Structure formats: structure tokens, C-alpha cells
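Each chain is listed here by its residues.
Protein chains: 4
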Amino acid sequence: MIITCKKGAPQSEIDKILSEFKTKGLEVNLITGTSYNVFGIVGDTTVIDDRRLMSNPWVENVTRVAAPYKKVNRLFHPEDSIIDVDGIKVGGHEKIVVIGGPCSVEGLDQICELAQDVKDAGGCMLRGGAYKPRTSPYAFQGLGTEGIMDMVEAKRRTGLPIVSEIMSENKIDEFVKYVDLIQVGARNMQNFELLKALGKINKPVLLKRGLSNTIEEWLMSAEYIMAGGNENVILCERGIRTFEKYTRNTLDLSVVQIVKKKTHLPIIIDPSHATGSWELVESMSLAAIAAGADGLIVEVHRNPECAWSDGAQCLKPDKFKAMIDKARAIAHVIGRDL
Amino acid sequence: MIITCKKGAPQSEIDKILSEFKTKGLEVNLITGTSYNVFGIVGDTTVIDDRRLMSNPWVENVTRVAAPYKKVNRLFHPEDSIIDVDGIKVGGHEKIVVIGGPCSVEGLDQICELAQDVKDAGGCMLRGGAYKPRTSPYAFQGLGTEGIMDMVEAKRRTGLPIVSEIMSENKIDEFVKYVDLIQVGARNMQNFELLKALGKINKPVLLKRGLSNTIEEWLMSAEYIMAGGNENVILCERGIRTFEKYTRNTLDLSVVQIVKKKTHLPIIIDPSHATGSWELVESMSLAAIAAGADGLIVEVHRNPECAWSDGAQCLKPDKFKAMIDKARAIAHVIGRDL
Amino acid sequence: MIITCKKGAPQSEIDKILSEFKTKGLEVNLITGTSYNVFGIVGDTTVIDDRRLMSNPWVENVTRVAAPYKKVNRLFHPEDSIIDVDGIKVGGHEKIVVIGGPCSVEGLDQICELAQDVKDAGGCMLRGGAYKPRTSPYAFQGLGTEGIMDMVEAKRRTGLPIVSEIMSENKIDEFVKYVDLIQVGARNMQNFELLKALGKINKPVLLKRGLSNTIEEWLMSAEYIMAGGNENVILCERGIRTFEKYTRNTLDLSVVQIVKKKTHLPIIIDPSHATGSWELVESMSLAAIAAGADGLIVEVHRNPECAWSDGAQCLKPDKFKAMIDKARAIAHVIGRDL
Amino acid sequence: MIITCKKGAPQSEIDKILSEFKTKGLEVNLITGTSYNVFGIVGDTTVIDDRRLMSNPWVENVTRVAAPYKKVNRLFHPEDSIIDVDGIKVGGHEKIVVIGGPCSVEGLDQICELAQDVKDAGGCMLRGGAYKPRTSPYAFQGLGTEGIMDMVEAKRRTGLPIVSEIMSENKIDEFVKYVDLIQVGARNMQNFELLKALGKINKPVLLKRGLSNTIEEWLMSAEYIMAGGNENVILCERGIRTFEKYTRNTLDLSVVQIVKKKTHLPIIIDPSHATGSWELVESMSLAAIAAGADGLIVEVHRNPECAWSDGAQCLKPDKFKAMIDKARAIAHVIGRDL
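Protein chains in written order, with the numbering used here: chain A, 55 to 392; chain B, 55 to 392; chain C, 55 to 392; chain D, 55 to 392.
Hints may contain errors.
As the list makes no split between identical chains, a pair holds if one copy fits it or if it spans any two.
With a Cα cut of at most 20 Å, we get these calculated PhoX-like pairs of lysine-lysine [as the list claims (entries may be wrong)]:
id: 1; residue 1: Lys124; residue 2: Lys78
id: 2; residue 1: Lys231; residue 2: Lys254
id: 3; residue 1: Lys124; residue 2: Lys254
id: 4; residue 1: Lys314; residue 2: Lys254
id: 5; residue 1: Lys299; residue 2: Lys314
id: 6; residue 1: Lys254; residue 2: Lys70
id: 7; residue 1: Lys70; residue 2: Lys370
id: 8; residue 1: Lys231; residue 2: Lys257
id: 9; residue 1: Lys314; residue 2: Lys70
For the record, the hints were derived by calculation from the structure and aren't laboratory data. The structure displayed is predicted, hence computed values, not measured ones.
Isolated chain A (complex conformation) (with noise of 0.2 Å):
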């Protein structure tokens, strides 16, 4: 950690900055500028909260050289984490996963159908919404309990693993019971309450990248589940916000190697909320796949004008496995399997 302090500040101010670090037995060291005066911090500093650095009026500027989380990190993880979802491995050198569903489970007879397809098609895993996030209050909200059941019961017809998104704390309880991999949607990234919850499991945890998070902060959501002692979680990328309004978000497929080489997490794509347009998914799905992506997260619906939620962004079956048959040859082509 390097703090850049302004010329002139007088020893008592300096002593009372450097105190802190002496008693947690940081090392000091004093670079003498032209025009500021420059510590460096040597040890732990994510113990140190740098904003409180800021307050003191001669301290004009705080950077940290390393990294503020330490689960997270490959610098003291070096090998690939491998996460097991219900027997489904994601990660490493496995073969890419792809997840297919609809946005929202419609009842048991659309998801128990959408299962099968899914599975037709190559998809390892089944998504869906039971409890739905949207900006409105009078938009429908999912069909909470019962939508959980429904994936269940697919489950249990077609052996796919489950995939379904939490809202709040108080269903921990039901997700640990019925839900393979507990998602935390782009929305709820920076409920610290659920992350502390959720690391208090040891359900597999795919969490999904905020609208307008940085990748570090995304890296930190993942540490407060890791801290709390649950290591099982995946990152998700699905779009973030920008200027752009021909697209709902913009797809960052750079987060790839980015996460890959800053952490030891699985990474997978979402192209469909990314993108909000059925017509770009399949384009997004092979670029995910050729940019290294450990799996793809896609919405897929029968008749999706009439889907009860984001129907514009569902793929059918038939354009799902042929987006899949696409994206295995080029998987292949960077050597992995799908």
C-alpha cells in the first residue's frame, strides 16, 4: 500500500499515520519526492481501510499494490478450483457446461418439456426463475414455492441438475433443500446480508457480476462468500450497463482471462440477459466459448412470445442446439470439450 502524503506535514501528523501500521506490524518505508513525501505499507493490508487514510487533510492520495481480497486470489491459489454442482463438474480443464431454461417457470408441464429439450439439445444443467427481480411491482414475480417444485420434479424426470435465483435470506432454507446452484442476480450482487448467508453453506453458488460493478468488486462479493467459509462459487457474466441502447447491457467478454488469471474461479457466460435480444445470442454464446469461457448460461423457451417474462431474449429449442453444436466445434478449436 503506497500513501502519497503533501510536503510539509508535520512529524505528529506523520506519527499518527504510521502508528496504526506499527501496531499491526506493518513495515513502513519512506520514499522522499520532489513534491510529496510517498510511504509504502509492507505485509496485510486488506486489514487496512484506506479511506480513513483519506481524512487525514496531508494525505493526498492512497493506492494499494496488492490485490484487497485473498480467497479469491490464484497468487495464493495457483491451481484451477473445480466446483461440483450435483455431479456436473464446472472449471479447469472440464468439459464447458451450457444451461438452458426459461427466464420464469411457467407451471410444471413448460419446465417439465423445456427440460427435456434442454438435454435434447446438450445442455447439462436447467435454469429457471421461481422468484422473479423486476423493476416494477406490478410486473409478474414468479411463482415462488411452487416454481422450485416444478424444477424439482424436472429434475427428477430428466436428472438435470437445478439452477435458480435467490432474493432473499429468508429461502436459504428451501435453496439448500431443492436448488442444485444457488444464483445471486446482478441486482442482489451487493447484498452483503445474503453473501454472508450464503457463506454459511455449502450449496455451489453462481453469482452474477452488477450492473455497474467493477471486476474487483464482483471478486469481493465472492470473498464474502469464501470468507464465510463457502468455497463453492462461480462467477457469472451477464452484461453490464452502458451508453449503448440498441442492447439491454453490454456484454464484457473480456472478464474471461481477466477472472481466470486474477482468481481461481469457474467463469460463465450470460448471453441473454447480456444482450436482451434472441437475435444476438448466438453470436455472444460462440464468442463467450472462443474467449475461454467455462460455460454458457442460456434462456430457452417453446413460444417465446408468449413467455411470461424476457421473452425477447429466449432462444428456441431447435436455434439452442444449434448454437450448442456451433460452440462445441469451437471449443475444440481452443482445445476444451462441451
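Given chain A's structure and the hints, the job is docking chains B, C and D onto it.
Below, chains B, C and D alone, put in the same frame as chain A:
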């Protein structure tokens, strides 16, 4: 609501799109354009999900004419709402309110001393965080219930109503019992389960704008609370995320008059989180008053360098008082009192 | 074009708004809504200035149904445009092009050696900056005319057409004489005087997207060039500014299919500026090809640590070749050649 | 400047990195950290290109301690710069200036009438666009030289110095001859050839901040002009692009005090372009004065609905006068005059 359809859409597709409107009692008007056909839908279109319409490949675009919010909308509630916070009136032509206090409650003595400082300076409510949303799991997370009880004692001694942030629906009972103005932080602005829970109580809610949310999304979150039955909502702008690195966030003061035009709710400004720097707090506070805000919420600390969180953005009590005195003079210029 | 008017507007105001349309031969349709009246304007509305309409206080909103561009619009030019760059065809179903070369021309030997490296690796055009847009006036500003002449010699030796950035209309004659594909950089995307000057020549123009511009603004800049009479425009995405700090910019690959849907122009991708890091260039290049791009423009340098600018994002020639080989295999998967 | 290197870098690589500093007379200090080694470079580091350092694969990060600008920096020029615009002083403790006038010059009568209106209301300079940067090639592009000559006549009649936007280095002679304060628009903030040309003249330059540029980039553009020899620079904030759709741009008033802290240059605010709506102009003007701005530049038109451009954001002369009267009272509160 305006639906733009590509030329050449078969009548069966058009009928499919339009049938839903007719069953919902909405009226449909057709304008035949040169490159597109346009349908105008008349009636209460808040019940229509525009993304479902977009799933039809013949639909090029869907545009809302009317706002998607109702309870919040000034169109249907022309007079200003005045919110009563334990006897202090906020909004309309009432006195401008100034809320002061530390980022975090650090103990009984600290909060009681500061409450007196805030009162002496001319502040009319006390803020203080007991549950803190922190990016890092290793940072101080707040004193919790103990912090709330310290604030209750500070209120008993000074008479100042108290404002504190709620981070989980599980704490609703505690907040209803002890806190006068329940703050929803920026990161929870779209924590819809929390908003629904707050809709069922009667205590005033201070709803902060999310870091990257549009005003419309913010008003939709207010609509969640009001649709649930709690009409005591005060909006709070606290800066949005931009590319700028010299400030923590960018304070958007144009919201003041926009909120007053679009809604009947009061709006207050948080210059501390918006800037992240005490050196900017006075100028942004005065600007907020000049812009017409109904109040300010400002971080105050006797010894910012030792604050347990966010010391960099705290005013010392004497600077807080000096700011209030100037703010009062500016309020008089625009015909308000403070 | 849809104009939303407040209820209660006096007929004289309505007449004032509508009279302009009638004199321009546009047809006006009225839809009477519950909260607003809506006018639909039919005809060529690109001649209407929507911000002038907004100045009428009775107008609530103005929305365009049709795109504001004509020459660029695929609606009026359904077949793909193929741009000929000194014999190399770009766009449609032509071979995907790979352009390589250094950020800055550093001298005759450097550019001639690199031109041969690019050719050997499978590249088909040579890039090199002679005029450099630098944030700092103290940074290297490019070799100017000397750099252009060095590229001309490199072309003579290798046969590769050359691509270079123009920064001022005053250099048009030099570029028309010597450069095969004239690049407009991101910072000049809305330098309208430069765009007008490029509209009057016949040489192909490579139009980069601005750092924070929407696709629509980018297409309007292409429209400037085409409206002037030069229809040889190739679009280039080079990353947009986002909040992310781990990359220089964020590459937006969804533009590829959007550009192909909205326009008939070719689109190529610059993964070097988009990421700012050579470690990300291969994965983003492969993703771009998988997404359907018509080409790549990649920075290559034999000795990146000594590059006079942007060494951090340069591939060495062997890595450039390895990338092209994988890109070719991916191109085959999606039915293209490279 | 702080350079963070990965552990294990061979000494030959370290030497390669450090050799450059030594030849440039900079001093190097080493701090050995737990995960990284850190080099602190002392001296004038504005000559170092940080992106070149990043090209070395052993370098993890490069951070500047000192600002990259010199001429602009208050550290080396502690007293306020006062810029003289044909006799009107701007900056320091001088009277706050109010510049008014139409978006576009529409003819001699219009600009002369408005000049008188501006003067009568208390304005001290006249603005008017003769060369207009328009997103669409089909929109009105300005009267050009004729517009400039109309303004010259308006100045002759009223005595008000004139402010107008330059869009091309080719017009420098015309502007030097006739215009008192030469405006560089947001879209040309990084048109470096134009900035260099303006560095060679002596007329004051009004440098607007780019739509998505950071304050540092803005100051670097001012540095371009000053490094060329022209020290007469006034900065102008005109709103930045954000996700908000209810305003044209988002006015960032925190720049006022930041600019005053980092630089010695005057700063004025343009509330018209910042908001895009006349209904917001008064509140943002008053807020700007309360925040400490040295001036305002406001669009004024007698008949906004008929303005040739940007009517939506024009004040009528009587509203302009009313705003100035309130602004003056606020100026007095903070110890300034207007």
C-alpha cells in the same frame, strides 16, 4: 404505449400482438408509416410487459408514452406530499431539514456528543449507521443492535429523531420500534424483497438512489414501497457512478427539479457520500439548497481521522455549523426557510 | 416520429407544432390518450429537429420510430457493401481480413521488418501510426510525413496495403496520395469538419467508434461521410469506456451483429486498443471472429517493451501468427474463410 | 511514480526497466513487499510513458503520484489566474461573469436584439454559434463567417465581448481577428491538432469538458494549449454523459472546487447544454454560483420554439434576468459579486 412493427407482418401476427390489449380493455390505434406500421395503445399500460412484446420478431420497438409509475406520479397527485418524521415535516414549503451525524455509530458517548453537536449547529435529525454495507468482508460491519440502542439514547437526550440504514428485511421489527426514518442504501435500492417488506409498515422510508440507476428506476423502487401501502417515502440523491476518479461519486443535482416535476415526494441530498471528500461537502451542500432540495444529510464527526468508517468525507462540527448558516441565507434567496 | 403532448394544450399551440410538418409534406395522425395526446408523423422525418419540438412547453416527449440515418441504413440498401482497399475486399462473404502492425511507425527498418512479419503470419494489410493522438503534450506525437513515407516503402517491399490514422483535414492530400485505408480515430469520431472533408474523397475510410458513443451516433458519423459522396466506409469497434479498471476499455462485441442488421457496411474489431493488454488480445480476437466480424486490426511489435507507444498491448509476431491460425479454424466453423 | 513488479523478476529485466530512469536523471527507490517489489521513481516523471512500462510482463502496475500536468497545476502556480477577455476579468475574486445568447446566430437582427436583451439583464458577454457541431449531417450547420460578422456588429452596438465555437484549425485566423473568447466544444476537447493551433495564439480559450472525459484528461487538454504558449485558458463544465435519460447530460458541479484545488484556472458552468431543458436552467445556475463557479454561460432566445437549434434549453430574456438577480444574491452569501 407505441409499438413499431416491421412492414409485411402477416395479419395473424398482428392479431396475436393486439389480442392481449383488447382483453385488457385497452384501445388500439394504427398509424401506417412509410417504413413501419405503428400501433398506439391507449389506457392503463402499466400492466403491459414491454419486453414480452419485443419477443415478437415483427416488433421493431416499444416505447412508453406514460410513465410506468402511478402512486409516485405527480400527474395523479398534484399537491406536494409532506412526510412527518416524528414531528419534523419534510417537503412542500416546510423548513428545509438538515440531518447530521457520523457514518458509523462508534459507541454511546460518541453518538450522544455528536447528537448535541448536530443540534447546536442547527441540525434537526441525527444520522448514524449501525449496519454498514462494506465492499470488503474484512472491514468494520457496524455495531448492530447495540448501535441502534445508542442512537435511541442519543435521541432521548437531545430530542432529535434518528435515521439509520436497514440492510435486511429480518431487522424490520427492530427498525420499526426504534428508528424514526428508515434508510434504504444505494446498494439495496433494487432489493425488491426489502422494498416489499417496507411497503407493509408505516414508518417513513429514506430511499437512496442506486449508484448507476436512472431516475425512473429509482421512482419505480419508490412505487414498490407505495404500492405496498406505505406512502411515507423521501427520496435521497447520493451521487452516481461516473468515469471521474477525483471524486467518489458524481452528485447529480438536476434530480431535484426533475423529482419535483415528476413526483410529489420530498427530495434530500447527501453531499458526503456523493463526493467522498469533506473539502467538497460545503460547496455541494450550498449548491443543493440553491437547486431547491428539501433537505441535506451530512456526515459529521469530531475527529474524522479516527472515524471507524468514511472519515474522509466527515465535516467537523464547527464546519457543519458554518455550512448551515450559509445554507440558511441561500434558502432565503429562493424563498425557503431552514 | 411520435410526439407526445400534454392534455389541455390550446389549439393554437397544436397548430404551431403541426404546421411545420405540413409544409414539409409530412402526414400527421392523432391518437387521443388518457393522459396525453400523441401525434404520429409519417414521411421522411430525418429533416425534423426533435430538440426544436421539445422547446414547446406543451410537448412532453419526442420519439423517433425510423432511424435518423439513410445512406447507412440496410433498410434502403439490403445487400452487403463490399469495400475494396487497393484490391483487398472487405465485408459480405469475402475472406476475413487481418490487419497488423505497430502502434507507431518508429523508422524505415522497423516498419519494413514488421510488414514482412505481418505478411508471413497471414496478415493482409499493414497498420502504423504516423500522427498520434496523445493525451499528454509531452508524449511522442508520431513521425508525421516521414512515418507515412516509411509505410509506403514497406508496402512497396511487401505489397501490403497500408492503414494509418488522420488527425486533421489539412493532411487529406497526403493521405489520399499515399494511404490505402484512412483511419478516423475514436477521439475524432465526431470531428465533423474532418468527416465532411473525408466525404469529398474516394479513398476507403476506417471509422472507429468513439469511446463513449452509441452505435447510433457512430452510424450518424458514417452517414456524414456517405452523405458527402464517399460510400467506402468500414466501421471499427475498439472498445468503449466503462467503469472497469482492469482493462483500458471494454470491447463490445455485440456491435458486430447489430451493425450487420442495421447497416450494409463491413465491421472490423480492434482487440488491442479495446483491452490495452497483450494477454487479452488473442482471446478477444478469437471471440470477434466467432461473433462474425469481417476483420481484425491488431498491434504487432518485435520488441514491445521498447515500443515508442502502447507496447503493453502489442503481440509479438509469433503470437500474432498463432492467433491467426486459431482464428482461421473458428472462421471455418461459422462458414467464413480467413 | 510507483512501479509494482512481480516477485521473481530476473535482475536483467529489472535493470532493463530501471535503466531508462537513470538516463533521464530520475532517482529510484526499492521497497521489498511480501507479494510484490515496488520501485518509487523520484523526479519529473511527466516525461515517462506509463503504458510503455506496462509492456514488460514483469510489471504488474504503474501508478502516478504526481499529476501529469505542470502548467495547469496549482502546485507550481499557487495564485489564481485572472483571464482578461477584452477588458472583462474572469477568475480569482473578480466579479462572476454571465455570458448569454442564442445557441445559433440566426441573422443580424436576431443577434443584435438578443445582445441588447443580455446586456439589459446584466450579462457581460454575448455567446452565439456560427459553426455548429451537429450529430446529423442533415441538421442546420450554422451561418459560418456570416454569423461571426453578425456577432461583430452586435458587439459594436452593445459593447459586449463575443464568444463563439471554433471547429477547425483552418478558421483560426478568422477567430483571432473577430472573436474575443474562442470556445472549444466538448466533442473537440481531444482534437489535439486544434489544441496545438490554439496554443500558438494569444486569444483566451474557453475549453469545454468532453462528454465522457475525466477531469484529468480535461486538464491535460488545457495543458496542450498552455504548453504551446497560450496561458489564457478558462475551463467550462457542460455536463457529462450518464445513464440518466430525463436530462440531456448530467451537470457535475463538484468540478468547481476540484478545479480550484488542482489548478489556478477559472471555471464557468454551462447549465443549458448540461440539462438540455430550460426548466432546469435556473436551478442549476443558482447551484453553480453557490458551488463557487466564476461564471455562467446560458442560452437565451426570444422565441425558443422557433430557435434554429436547441430551443428546448433556451431561457427567454425575462427568465434570464430573473435568474441573474437571484444568482447575484447567492453570490453575496458566499462573498462574491456578480
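Each hint tested on the structure:
| no. | hint | result |
| --- | --- | --- |
| 1 | Lys124 <-> Lys78 | within (18 Å within a copy, 38 Å between copies) |
| 2 | Lys231 <-> Lys254 | within (14 Å within a copy, 29 Å between copies) |
| 3 | Lys124 <-> Lys254 | within (18 Å within a copy, 40 Å between copies) |
| 4 | Lys314 <-> Lys254 | neither (25 Å within a copy, 44 Å between copies) |
| 5 | Lys299 <-> Lys314 | between (30 Å within a copy, 16 Å between copies) |
| 6 | Lys254 <-> Lys70 | neither (38 Å within a copy, 48 Å between copies) |
| 7 | Lys70 <-> Lys370 | between (64 Å within a copy, 18 Å between copies) |
| 8 | Lys231 <-> Lys257 | within (9 Å within a copy, 35 Å between copies) |
| 9 | Lys314 <-> Lys70 | neither (40 Å within a copy, 28 Å between copies) |
Checked against the numbered hints above, the structure breaks hints 4, 6 and 9 and satisfies the rest.
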